[in-house]
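2 protein chains.
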Amino acid sequence: MIHYFDNCATTRVDDDVLRILNDYAVEKYYNPSARSTFSMHVANDLAVARENIADKLGVSAGEIYFTSGGTESDNIAVLGALRSKRGNIVVSAIEHSAVFNAVKELGSKGYEIRIANTLTDGHIDVEDFLSKVDEYTVLACFMHVSNETGAVNDVKSINASVKSKNNKTVTFSDGVQAVGKIPVNIRYLGVDLYSFASHKIHGSKGVGCLFVKNGVKISSLVFGGGQEKGLRSGTEYVGGIIGLAKAVELAQKRLEVNTADFVNYKKVLRDCLAGIDGWRENCKNDVSPAIMSLSFQNVKGEVLLHMLENYDIIVGTGSACSSKNKQSRLVKAIGLESEFSEGVIRISFSKYNTLDEVKLLGDKLIYCVNDLRKTMLGQKI
Amino acid sequence: MIHYFDNCATTRVDDDVLRILNDYAVEKYYNPSARSTFSMHVANDLAVARENIADKLGVSAGEIYFTSGGTESDNIAVLGALRSKRGNIVVSAIEHSAVFNAVKELGSKGYEIRIANTLTDGHIDVEDFLSKVDEYTVLACFMHVSNETGAVNDVKSINASVKSKNNKTVTFSDGVQAVGKIPVNIRYLGVDLYSFASHKIHGSKGVGCLFVKNGVKISSLVFGGGQEKGLRSGTEYVGGIIGLAKAVELAQKRLEVNTADFVNYKKVLRDCLAGIDGWRENCKNDVSPAIMSLSFQNVKGEVLLHMLENYDIIVGTGSACSSKNKQSRLVKAIGLESEFSEGVIRISFSKYNTLDEVKLLGDKLIYCVNDLRKTMLGQKI
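Chains A and B are the protein sequences, given in the same order. Using my numbering, read the first sequence as starting at 1 and increasing by one per residue. Using my numbering, read the second sequence as starting at 1 and increasing by one per residue.
Don't take each hint at face value.
Identical chains share a label here; the pair holds if one copy fits it or two copies do between them.
Okay, derived cross-link-like pairs now, DSS-like style, lysine-lysine, Cα gap no bigger than 27 Å in a straight line [stated by the list, open to error]:
#  : residue 1 : residue 2
1  : K229      : K332
2  : K165      : K56
3  : K267      : K364
4  : K109      : K374
5  : K364      : K253
6  : K28       : K359
7  : K364      : K28
8  : K28       : K351
9  : K168      : K109
10 : K213      : K351
11 : K109      : K217
12 : K229      : K267
13 : K104      : K85
14 : K213      : K56
15 : K109      : K85
16 : K364      : K56
17 : K156      : K217
18 : K374      : K132
19 : K28       : K85
20 : K332      : K359
21 : K217      : K104
22 : K28       : K156
23 : K85       : K213
Calculated directly from the structure, the hints in this document are not laboratory data. All values derive from a computational prediction rather than experimental measurement.
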């Protein structure tokens, strides 16, 4: 049995979602854009999924667009929202690479990119962020939950402050690590654009969602049959979308139970780790219960990760989506001291984790860290 | 039991593919970009899928890119291939809306769009197409198999002629209705870019493929974690991709049997229809065995389609992907006489169809067409 603690990277598909995927793969496989009554039923099922998701997130069905995933949602938000040819874009230093690299692309097209600082625990430095917003700011991007430390930003407050400085600035929050993991009501948050992905909450890979507030104009990146009101052409991955509605529903139902469990899991791990020195929890306040980022002094996170695999334990090192890049922007942004900076691991929980698994993780973490430090000491002598 | 004859719109997922989808949803669900050994195994499985697909299509693994579907593949091809800021683009009048509308988008950005005529059976008018290619042609788009009539264009010959007029022109063929349905060796065809989609060949919706010939430069439309060598960032829909490799393999294995069956199915339908007047087969030569486009005089295709549903028979009217538009570009392009133009239905076969089903379709077609004509006659009196 695998003890999987990398649920920020991706998750196991829920059995209820799987039943939906299978149903739309071999029974209701009809193309929702075709003319038969069977196709119309499928199109109707899509409409119901859209309404259910909107309802769960406090918005209208007409504001929900389905995409191929978080990255595409983020890109449509960043690249599709601009209405003027110039201006500046304010973005936090810890945005997911899908947002950060899309913004960088705009930099190469003549927009001025202003990168706001991050606090040492991974929260956005709100003061610095707001100081960068001015009358020429066309887009402001501030993620909801950091995929690296779990830091939860006060999206409602940041949004209100940005809008009060410049009410024409389009505001976007990446909610990929928020939806289904902390309470999310997009209307309450007030942002113009909000994105999330299915595979982070026990839905299928290959499906994402973008909220576009009524009245906010957005352009598409691809063109074709006019699906998703023209914003995202292409035959819909129907099972994936209807499965996403189920995944959101299941996640919201379980939110309280998960939160209590995960808070307890963190406590158990802290108690375990109290037995050793030289570690820190990278974000302790205003943090997602689902994410625990730890740094170990004089230990390489990646070596630790592979050692834990010997016990069938999987943890993460940072964002899976930027693992091709050598160093995390986050580690730089939060200014981790050098002896801690290579020893980062990210533990992220799901409903499939048990207390016994967490205790095993705690025990093996101590064992492996001690062992690695002994080996290093041996090498030094 | 449903008798499904709209396999150009989409297909039922094959059971072998479904097993793969399920396996990667609940067992090997790891993110291929994460650092664990389990993730590396998944990344390796993706590499094997890429090699298998490349091998089946006569190209190299490094030339195969996975996307979210045919529409995205077409859009990357059209919007990502251009290296100069101006010039003309030659496109056939019958391209799929994903190609046609992406090209139209370029028209709004200052490129000159030249639309080549179509012959009356839906083939590209090659002479007209080539006459439009000149030293300023930056992109030429000629689809492989028409999704409306099934007309198979001589892609190899068109490509060679375009290149001999201007060897800098990037050539692109949309192979969505070709791969798995007729023999396809992309290297033999010689084009720079070639696209196809999984859900047309019993794979999952939400997955597509783009071939980019070695040495051809192409830009991405989305930015992020750098997956697919940076061309298509975003967590891969792993099961869908590996399922696509299986779908291509299964389709190629069955190509000869399918072709013989489908050729026979067409003959059976023609024999049935010999009993009534006032119909035509829109494309009879150089046509995909999988597609039979029929026009019935003084009959509305959509009404016919819904009548056939009473017998649990599903056929198509035209491209599902452009069904939101009122009239098919194809019907206009091939110049169907007005009394035929509204009576188009598209029958498209798959391996799940049986001879008995085809005979049933033939019988019910005659019955419904006769009935509709009687009703119309009654209305006129």
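A quick look at each hint next to the structure:
In this assembly of identical chains, K229 and K332 lie within 27 Å of each other by CA distance solely across copies; the values are 25 Å between and 41 Å within a copy. In this assembly of identical chains, K165 and K56 lie within 27 Å of each other by CA distance neither inside one copy nor across copies; the values are 30 Å within and 58 Å between. Taking the shortest Cα distances, K267 and K364 sit within 27 Å of each other inside one copy (16 Å), while across copies they are farther apart (69 Å). When the C-alpha separation of K109 and K374 is checked against a cutoff of 27 Å, the pair qualifies neither within a copy, at 51 Å, nor between copies, at 63 Å.
With identical chains, the CA atoms of K364 and K253 are never at most 27 Å apart, being 32 Å at best within one copy and 49 Å at best between copies. With identical chains, the CA atoms of K28 and K359 are at most 27 Å apart between copies only, with a shortest distance of 24 Å across copies and 44 Å within one. Proximity of K364 and K28 under a CA criterion of 27 Å is satisfied inter-copy only: 23 Å between copies versus 46 Å inside one chain copy. When the C-alpha separation of K28 and K351 is checked against a cutoff of 27 Å, the pair qualifies only between copies, where the shortest distance is 18 Å, while the shortest distance within a copy is 29 Å.
For the homomeric pair K168 and K109, the shortest alpha-carbon distances inside one copy (21 Å) and between copies (26 Å) are both at most 27 Å. Taking CA atoms no more than 27 Å apart as the test, K213 paired with K351 passes in neither setting, with 31 Å inside one copy and 45 Å between copies. Within a single copy, K109 and K217 get their C-alpha atoms as close as 20 Å, and across copies as close as 19 Å, so both meet the 27 Å cut-off. In the homo-oligomer, the alpha carbons of K229 and K267 never lie at most 27 Å apart, since the shortest distance is 47 Å inside one protomer and 41 Å across protomers.
Both within a single protomer and between protomers do K104 and K85 lie at most 27 Å apart by alpha-carbon distance, with minima of 15 Å and 21 Å respectively. For a Cα distance limit of 27 Å, the shortest separation of K213 from K56 inside one copy, 15 Å, qualifies, whereas the shortest one across copies, 45 Å, does not. In this assembly of identical chains, K109 and K85 lie within 27 Å of each other by CA distance both inside one copy and across copies; the values are 9 Å within and 14 Å between. When the C-alpha separation of K364 and K56 is checked against a cutoff of 27 Å, the pair qualifies neither within a copy, at 39 Å, nor between copies, at 46 Å.
For the identical chains of this complex, K156 and K217 are intra-copy neighbours only, at 21 Å inside a copy versus 43 Å across copies, given an alpha-carbon limit of 27 Å. When the C-alpha separation of K374 and K132 is checked against a cutoff of 27 Å, the pair qualifies neither within a copy, at 47 Å, nor between copies, at 73 Å. In this homomeric assembly, K28 and K85 never come within 27 Å of each other (Cα to Cα): the closest approach is 44 Å inside a single copy and 45 Å across copies. Proximity of K332 to K359 under the C-alpha cut-off of 27 Å is found in neither arrangement, the shortest distances being 31 Å within a copy and 69 Å between copies.
When the C-alpha separation of K217 and K104 is checked against a cutoff of 27 Å, the pair qualifies both within a copy, at 21 Å, and between copies, at 20 Å. In this assembly of identical chains, the alpha carbons of K28 and K156 never lie at most 27 Å apart, being 40 Å within a copy and 37 Å across copies at closest. Taking identical chains as interchangeable, the C-alpha atoms of K85 and K213 lie at most 27 Å apart only when both belong to the same chain, with a minimum of 22 Å there against 34 Å between chains.
The structure fails hints 2, 4, 5, 10, 12, 16, 18, 19, 20, 22 (numbered hints given earlier, in ascending order).
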